[in-house]
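Peer 1: One line per chain: the protein sequences are B, D, L and X, in this order.
Take 1 as the starting number for the first sequence in my numbering and just add one per residue.
Take 1 as the starting number for the second sequence in my numbering and just add one per residue.
Take 1 as the starting number for the third sequence in my numbering and just add one per residue.
Take 1 as the starting number for the fourth sequence in my numbering and just add one per residue.
None of these hints come from the bench; they were simulated from the model.
These figures come from a predicted structure and were not determined experimentally.
A virtual CB, placed ideally from N, CA and C, is assigned to each residue, including glycine.
A few of these clues could be false.
[Unchecked claim] Sample of chain B residues at the chain L side, in silico, Cβ under 10 Å:
(1) Asp-57
(2) Ala-88
(3) Ser-103
(4) Val-108
(5) His-415
[Claimed, not checked] Computed far set for chain D versus chain X, every beta-carbon distance over 10 Å:
(6) Trp-25
(7) Asp-52
(8) Arg-72
(9) Leu-75
(10) Gly-125
(11) Asn-160
(12) Arg-202
(13) Pro-214
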Amino acid sequence: MADHLLEVRNLSVTFHTVRGPVHAVRNVSWHLDRGEVLAILGESGSGKSVSAAAIMDLIDCPPGEITSGACLFEGRDLLKMGVEERRAINGKRIAMIFQDPLSHLNPVYSVGWQIEETLVIHGTPKAKAQTETLALLAKVGIPDPAGSARKYPHQFSGGQRQRLMIAMALALRPDILIADEPTTALDVTVQAQILALLETLQHETGMGLLLITHDLGVVAEVADRVVVMNAGEIVEQGTAADVYANPQHPYTKRLIGAAPGKGAMAPDRTGKVVPLLEVTGLRKSYGAFAALQDASFTLEEGETVAIVGESGSGKSTLAKCLLRLEEPTGGKAIYKGRDLLALSPVELYAMRRDIQMVFQDPTQSLNPRMSVYDLISEAWVIHPDILPKVRWRARVAELLDQVGLTPEHMHRYPHQFSGGQRQRIAIARALALEPRIIVCDEAVSALDVSIQAQVIDLLDGLRKRLGLSYIFIAHDLPVVRDFADRVIVMQGGRIVEQGSVRQIFEAPREAYTRNLLAASLDPDPAVQAARRKARLTESLTA
Amino acid sequence: MTTSVPRPKADAEPTAVRAVLSMLWADKFATVAVIFLAVVLFCAIFGPWLLDAVATKQNLRGRNAPPFDFTRGWLFWLGGDALGRPLLARIVVAAQNTMMVAAGAVAASMVIGSALGLIAGYSRGRASQIIPRLADVIMSFPSLLLAVIVLYMLEPSVTNIILVLAITRIPVYLRTTRAEVLEVRERMFVQAARVMGASDTRIIFRHILPIVMPTLLTIATLDFAFVMLAESSLSFLGIGIQAPEITWGLMVSQGRPYMTNAWWLSFWPGLAIVLTTLSLNLLSNWLRVALDPTQRWRLEMGARKNG
Amino acid sequence: MRKFLGKRAVASAVSLLLLIVMVFFLSRLTGDPTQLYLPVDASLEAREKFRELHGLNDPLMVQFGRYVVDLAQLDFGDSIRKARPALDVVLEAFKWTLALALITMALVTVAAIVVGSLAAFRVGGLFDRVATFFSLIGASAPDFWIAIVAIVLFSVNLGWLPTSGTGTIWHWILPISVLFIRPFGLILQVVRGAMITALSSAYVKTARAKGVRPRPVIFVHALRNGMLPVITVIGDQAAGMLNGAVVVETIFGFPGVGKLMIDSILQRDFAVVLAAIMVTAIAIFLMNILIDIAYAVLDPRIRY
Amino acid sequence: MRSVYARLLGGIAAFAVAGPVLAADTDIIIALNEELEVVEPCMASQSNIGRVILQNISETLTELDTSNGALKGRLAESWEAADADTWRFKLRSGVTFSDGSAFGADDVKASIERTLSDKLTCEIGAKFFGGMKITAEVVDDGTIDITSDPAQPILPLLMSTLTIVPAETPLEFTRTPVGTGPYVLSEWNAGQSIVLDRREGYWGEQPVVTKATYVFRSDDAVRAAMVGTGEADIVPLINQNDATNPATDFSYPNSETTYLRVDNTIAPLNDIRIRKAMNMAVDRDAFLGTLIPADAIKATHMVPPSTLGWNKDLAPLAFDVEGAKALVEEARAAGVPVDTEIEMVCRTGNFPNVTEVCEALQQMFADVGLNVKLTMMEVAEWIQVYSKPFAEDRGPRMVMAMHDNNRGDPVFSMFFKYACEGVQSGICDADLDKMIADATAATGDARGPAWSPVFAKVHNDIVADVFLFHMVGFSRVSERLDFTPTIATNSELQLSQIKLK
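Construct the complete structure from the given sequences, taking the supplied hints into account.
Peer 2: As structure tokens, then:
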């Protein structure tokens, strides 16, 4: 047993809150060996990060309390070691990288300084640390290492920041790297690069890699073994391929079932084409910078048009311009014979009823100080002619019912709901105005897969029942594949390609679209293995 | 607000109150502070009504009676002042003016300052340029000069002291509100409201103000203490409230000539100021933690342990 | 940066101008210095003569015009009371105020940061509670009260320090200590709050994961981030001090600009009042620029 | 940045080094309550300036001996009335100014002209020489004729106020005063201190004190504490509450009189019964030894007892609440609006305990059934209600004031306070006007008896005001010095009178 590089045994951690103790993890045991990639898979709140935090001594006590268990590193229990001893292991023998590298890098020190610090505190002489830092930066693919070392975290892109984190973590060639959601919130192409980098480095150093993720695709791409967690407990573990191909636990089954990109694509629309919204030559520039150039497309009644692209492609700008949250620089958007972009404030007010929006993060898009009733009925306060006040309560109940919540939820506040429930509230709020078009700006990106699937189902059902049209902005291609009728691909402020969902996914014309599709990870380890083989041969032949 | 809808809150209300109380109980300092403030508030409301007659009863031949002389009745436990009036009664009576000045100045500066700050932060027009300049001017305008101007042209009454102190504190709220509004107006739920067609007034009052409010309230608690001390300093310099009106600050400054031979004249009202400001500071510290979801566990933890 | 400084200078000049206009006209609403200057028994002719001599009989607009023209030539007018150029009088006092403010704020800043950071490190611990409690008590007491108690204790009873005045380094200790207390309490609270936030931030987690020792975690990683809100408060407090510490100056016989200002206001020596306001406003303006620069130095994300 | 620090550190180091130089025993430190704004001799009637300059730097032709009210020569050896409006002064010879130049009649003439000039606002000119025209004519270097229009029987007394400066002194406020006195201004650190050094070549007896340093502390408690801590030798003004040590603390009549100036023109104050009632309502004895020092004297005059013409027969109306109430009721029955609110205006910081005194007075008036409202005012505002022109729409009003007459002659008080044209007069009575004019013009031995009935008429017949107290001040003097403050200490502090024990 003591042969494992790292072993967690029967770990239980409790957090004390006013509502009583919360058992974050219970009796969790797993192990990691040298040269191995172990993935801990779980959704938010599953406790998947807690054991890593215990290993790194990052659990604040109080409010946390490690009630039982051991974390054996090379056979010695980390939890019983002295502060100074653990400090000497942290960063040197076991390193960690986090989700959101922007907030995890200290904003006020240069990245070179931060990487050097790791080396210096563990005994590397200052001069040597400096040269090594430059070497590390080069190794993780940061251009102009000498210049970059003097820059600050905010001056890098998201992907580069994660590379910097990796450089910092690997500075002392640790035996174990813990990566906590390292690619979440990164674009698919960047995600692929980071995963590739991690893999390369792991091969080079032979370290053990502990990957904490919610993404089946990431597991499929890199993990040797996987531990599936739910509600603080391990429900299943095994090799990645086994678990995917042959899930035992119902939760695992549900999780795999919910993974998007598996269902049938929408058929190409045929029959009478009724353009509901016709956008031509839409432009937006900030000074000299053109955020959106010459975008033209149509939206038909009852149709879902997805707009995909990486961050900075201009897809959100497009949505904001259509909704007049930003004033466009030029172009037209004809809806019901009127140009939305030329409406006076009074006309705009009337138009708001017809076009609504669901935002990415429901936590932020719902006013935390308003109850669900207030949030939904606000629509009728603003547009009093929709509904007489006496009917508000009934209608709120009805809407909540429609989005899968119950009328009892009416008097609660947003923070009392889970993420998926909050997004349902946001959808109910949009529906309150009885719109014709709903713009969904990354509306499901922040949700766990199982929740994501439910919300997509909800949106789909509403479309069928109410005849809504969606403009569905997303970076996640599998979701788009499941949900959209037509797809618009954007890059650098331009529409590079548009067509029916089949056309885009099965016969992409543009190289950019193809890259995007190739980088998107499949939840099936077998599929990913095949793709890797293909990539490898491709690179060999090239 | 505009959405006054009858709604049953039967289940939510008591638990919320109990949660607040238990969080308060978790911080013993804050609990004591709240109790003390409640006593002060009681004195401020009922003090003059109960004790005004005794508090102004002079006795020139029994002046500067020392404290802790328990033969003379409870009113003289804290001693008597330079005119032989019982200090305890005077402190109780003075609580009203003191609280009125502080509360009035804080409320007025908060309302005006935050209104201007909302305008400056929300509008993108000329007001957003001019109003911060106005704040600069008020900041550099010496409060003493302002006091002399106002008190010369009007009279040194409680209302006018409130006016002076309120004007000098306006920039604090103005700047804070403006900075917060600049941030809050970009938040998602404000955008969501705009998408629904909400008017600017609605966005400001229904969506932005409630978010800014906790910060303003925290500042207000601290300012309450600050204003009491400022009023006391003005009295010290002879341009504040004047006798026969009575405030704690005025009592302290009137007792100053006796500090070496009748310390109690300025000590007790000074202690009242210290304890009140201290209580407010403790309360504000507690509020800061209680209103911050990321810090609240500290109190919730304590409540669990003690409750 | 240069563009930013230019913009700031223009904005401040506008504020200053507005301030001068307001102070000039408002202060003249508070009465005529004649009766204050002359003995109460002075005849009406003597008063008339005095008014004529100092141009107080001219319409207010004429007086203002004359003031502005003189000001354009950097002539701030003469003090009626002191029969000297107002600017000389103010600068003489201001150097004392500046020294007092600089020394006090330097001490306050260092002390508050050290104590506040340590308090934030173990929130609710003994050190935190003691530091918070005593700093709050200090910040809650009227300053003239503390000043007189300090004099009675340290000068009269113990004889350790001189009661008041200037001259030796010992004379500075009591005024600085009394002046220290309130901003210390306030800044300590802000440091503590900011450091609690900074210490619970993600990059501190990274630092701990890297194996950084607790002390550098506080004073290197968290502190520089936590300093931003602190600097704003330090600026506000320093600005208050540059306006003069009237109470402390009065009690300790310290010849600063606060005492000068209140005396001039009470005596309606308008030229001195205006000159003092301008000098302190300019000093505060310069300090605000320093603070903006400090922001930029501390936080590379801020660029003007 | 660096240079700022360097300078700052340098400054601190300098302070540390420049510690108190070991002072000679004959060096003394005097703590004053306010800073000198100017050191101009023609402003020496202001008490804070006078305490430093008067007779120390700048001397006068004559000097009032406050112990007996007699006038003695200083720079003048003798004087006589040349005719009805001209006085001839024989000057002391062998006197030199501190700049070395010799003192002569032309200096006196120049000083008079300078003090009364239109180009300067000299307080001595405005305070003592208002409403008259003075011309000086040099007879010879040691003799000068001074003529006044109208005639001034007390011209020699007036000359005790006028400081003599060299003829060449420019017509602007000087910062380096030159005088004939035993001391010379050697250092002036604005805001901190003024240093006077004894000079060689003074015409009179060489004083003991070699050097006097004046420092300024506006806080009463601090100032008083400085003698005990050895930081000061004399504190001319301390608060009565601090005057607790009989070995060092001296009380002295300070020639100030407190009173309530009553506006006799407005009902109900225009009724003598009400004014009498107010006088009877004040329990003056209760104040003595409590809020007012025990040594103060209950006042019946506007001037202190050492003044010419003091009327021994006047006594304050006895404290009698019932009698006062009866008078008020009588007035009410006669239709006087006795319930009208009367405003009592007091000045903050006028004298120690002024607020308490006013609060107590308000209570006493209330006890006899008068409706008195107390308003505390800052000096600038107070002076507007104290001096004419009075506001047209004013209500019934009393103003608490403290009047200083240290010159020994009632003329410096009575016209201003009681004549119809008097700037602070609350009454107008043709008979009284005539009596004041006659007394002002009276000369020699007739002058005293001319004033006495004026006092009686004001106090007994008109009951114009509510007189309170002739006040005393307190000084603290180090035990190593032999110096006893007198009534003169309020306006001057002659270093030459200070001896060592």
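Peer 1: Each hint: holds or not?
Peer 2: Hints versus structure:
With 10 Å as the threshold, the beta carbon of B/Asp-57 comes within range of chain L, its nearest partner Cβ sitting at about 7 Å, so the hint holds. Restraint check, B/Ala-88 versus chain L: the minimum CB separation of about 6 Å is within 10 Å; hint holds. The interface hint given for B/Ser-103 holds, since its Cβ lies 4 Å from the closest Cβ of chain L, which is under the 10 Å cut-off. For B/Val-108, the interface hint holds, since its Cβ comes within 10 Å of a Cβ in chain L; the closest pair sits about 5 Å apart.
For the restraint placing B/His-415 at the interface with chain L, the shortest Cβ-Cβ distance is roughly 19 Å, beyond the 10 Å limit, so the hint is violated. The non-interface label for D/Trp-25 is consistent with chain X: the shortest C-beta to C-beta separation is roughly 44 Å, beyond 10 Å. The non-interface label for D/Asp-52 is consistent with chain X: the shortest C-beta to C-beta separation is roughly 14 Å, beyond 10 Å. D/Arg-72, annotated as away from the interface, keeps every beta carbon of chain X farther than 10 Å; the closest lies near 18 Å.
At the 10 Å boundary, the C-beta of D/Leu-75 stays outside the reach of chain X, the nearest C-beta of that chain being 18 Å off. Separation of D/Gly-125 from chain X is adequate, the least Cβ-Cβ distance of about 39 Å exceeding the 10 Å criterion. With a least CB separation of 13 Å from chain X, D/Asn-160 remains clear of the 10 Å interface cut-off, as annotated. The Cβ of D/Arg-202 sits about 48 Å from the closest Cβ of chain X, beyond the 10 Å cut-off, so the non-interface label holds.
In this structure D/Pro-214 is separated from chain X by more than 10 Å, as the shortest Cβ-Cβ distance comes to about 39 Å.
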